[in-house]
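Trainee: This is what each chain is made of:
There are 2 protein chains.
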Amino acid sequence: MIMEAYDRIAPHTINTPLLSSHSLNKIAQRKIWVKAECLQHTGSFKYRGGWSAISALSADEKSRGVITFSSGNHAQGIAAAAAYHDVPATIIMPSDSPGVKIKNTKSLGAKVILYDRETEDRGKVEREVNFDKSLVLIKPYDNHHVIAGQGSVGIEISKQSNKKGIKDAEVIVCAGGGGLASGIALSLEKLNPKMIVRTAEPDNFDDIKRSLKSGKIERNTKTSGSVCDAVLTLCPGEITFPILKKLCGEGFSVSDDEAIKAMVLAYEHLRIVVEPGGAVALAAALFYGEKLNNEDVIVVATGGNVDTTIFQNALMKYAK
Amino acid sequence: MIMEAYDRIAPHTINTPLLSSHSLNKIAQRKIWVKAECLQHTGSFKYRGGWSAISALSADEKSRGVITFSSGNHAQGIAAAAAYHDVPATIIMPSDSPGVKIKNTKSLGAKVILYDRETEDRGKVEREVNFDKSLVLIKPYDNHHVIAGQGSVGIEISKQSNKKGIKDAEVIVCAGGGGLASGIALSLEKLNPKMIVRTAEPDNFDDIKRSLKSGKIERNTKTSGSVCDAVLTLCPGEITFPILKKLCGEGFSVSDDEAIKAMVLAYEHLRIVVEPGGAVALAAALFYGEKLNNEDVIVVATGGNVDTTIFQNALMKYAK
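Chains as they are written, first to last, in this note's numbering: chain R, -11 to 308; chain U, -11 to 308.
Looking at chain R on its own, in the form it has when it is part of the complex:
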């Protein structure tokens, strides 16, 4: 399924570069390679999964339209892919999503419905909206076509690292529900079995890290309260967790402040704009070296949709 998804989406997605920097290597004391998915269309890897899922719909499903819930990156990915395929899209977003994400999703032509993530359940909101319709639900990670689309990142990592002669490596992936991490893990299991995927999450939202440790699905006690909005998911998915459990190494968690610092270092040394939630993997690689086993570490910078005020404050605080 991943290879099929790759063939469908490759002509429409950006083969994002694997960047590196002398200065980041110095900080990490090893070789850090950054797969810059913030440069993907709509500013995150979610475009891949969205394209994969929508391009796999039947003509009847396309004419009915799609619905999903997302804090913003999956929202934009689905909205853009839906617009391309002329499929109506309805997106349920938390009202505290970054303004830039809500604005971009609307500007891509999707219908946006806001809900309060502290008091409302997004699944329930979806069922209510969809009660008298038959919109196709494309969940952000618990969907085989979405996972297969995200897996295309793994195919590109494999090609790019083979070219550079990178063999053994830890591949750190920012993780919310685990769709990207499981897609990449499945790709690399086949293509580069010596590479191991490890997840990165914000402190206090480290459900995957804890689930991998206990061997069963663990939940976060909160659903908001971190600047890393893109990766604040209650728990790993029902489809993704068994994959993660089988294929991934120990998970990382980093503080919001470490994510912000990593975001500023990516600006300074790679000249890319990464959002805090998209920088947790880089933060793990830079600040948790004692938990790493390889000379080469590949991190996925998963998204770049950051509100400018947050970006500005971060530069003010940490840029040299």
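Read the hints as simulated data drawn from the structure, not as lab findings. Nothing here was measured: the structure is a model prediction, and the numbers come from that model. Watch out, some of these pointers could steer you wrong.
[As the list claims (entries may be wrong)] When the alpha-carbon atoms are kept at most 27 angstroms apart in a straight line, the in silico DSSO-like pairs for lysine-lysine are as follows:
id : chain 1 : residue 1 : chain 2 : residue 2
1  : U       : Lys151    : R       : Lys91
2  : R       : Lys204    : R       : Lys19
3  : R       : Lys147    : U       : Lys91
4  : U       : Lys152    : R       : Lys14
5  : U       : Lys182    : U       : Lys152
6  : R       : Lys155    : R       : Lys234
7  : U       : Lys308    : R       : Lys99
[As the list claims (entries may be wrong)] Computed Cβ-Cβ distance ranges for the label pairs, DEER-style:
id : chain 1 : residue 1 : chain 2 : residue 2 : range
8  : U       : Ser95     : R       : Lys155    : 28 to 36 angstroms
9  : U       : Thr211    : R       : Lys14     : 29 to 37 angstroms
10 : U       : Leu179    : R       : Lys201    : 51 to 59 angstroms
11 : R       : Ala47     : U       : Ser11     : 44 to 52 angstroms
[Claimed, not checked] One-sided and incomplete, this derived list gives chain R residues near chain U with beta-carbon spacing under 7 angstroms:
id : residue
12 : Leu27
13 : Val261
14 : Ala307
Here a beta-carbon is modelled for each residue, glycine too, at the ideal position from N, C-alpha and C.
Place chain U on chain R using the hints.
Mentor: Just chain U now, with coordinates in the frame of chain R:
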């Protein structure tokens, strides 16, 4: 020479992506493709020319060391390539170069000598420094190996645009001395003869635009006074101008403010960090549509080494 340079440098350079954005296309009312050379090692295309020139030196020349002058991007390109080849590098930089460029050049291990670009002649400074030495001078653009290295950008543009089915296109290139523009023009003359290179410069430093118009080398009256430090060259080169004259279309010039606006739009919609001088081509494509002839326009975002204060002020002024 370009193909040979490409073979030498390709394993060591980043095949930078050709980015695009729905929103930028909307602003320009055509398709804009951005070759993001700000993502290149050392933050600009200059790494290519530096690598090309240093890797072409004889063993004797390498042991003697190299010298050059540069406002900062060629400086970093040479410094990094020299460090890789274990060649001592001396770089003469204007004292008003962006601090980030001076700092990075030093941190790459080069010896930096500052001069005042209003009162001193950099050629003279070079001759004085090199008086009792025999350092090999690698000029920033009037050097065949440097031009050949920059031409590798044209090879990549050709491959990437063929993949996307782009045939007729204007390729707008930020230009100081014209090394990159002439290298790309030579590549495309061979590979995509239907594409035409056009240069972009800041207003009042539009020596190439005026030279192309008059048919002979014209000079700027000033050498400083624009935020676009990377492209403030007195006049086109002796090697580059005949190439530009033979192969390029009409030049563009844009205001500092338009360059700054383009820099902010690249941040917002492409999630890349471009310096003002590296954004003049994008500014031309976005704000001078009436002077463009093609549906597809490729622009090279040549560098990303911007002082954070300038970047911050630009976000404050123009980010939405």
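Trainee: Of the numbered hints stated previously, which ones are contradicted by the structure, given in increasing order?
Mentor: 1, 2, 3, 4, 11
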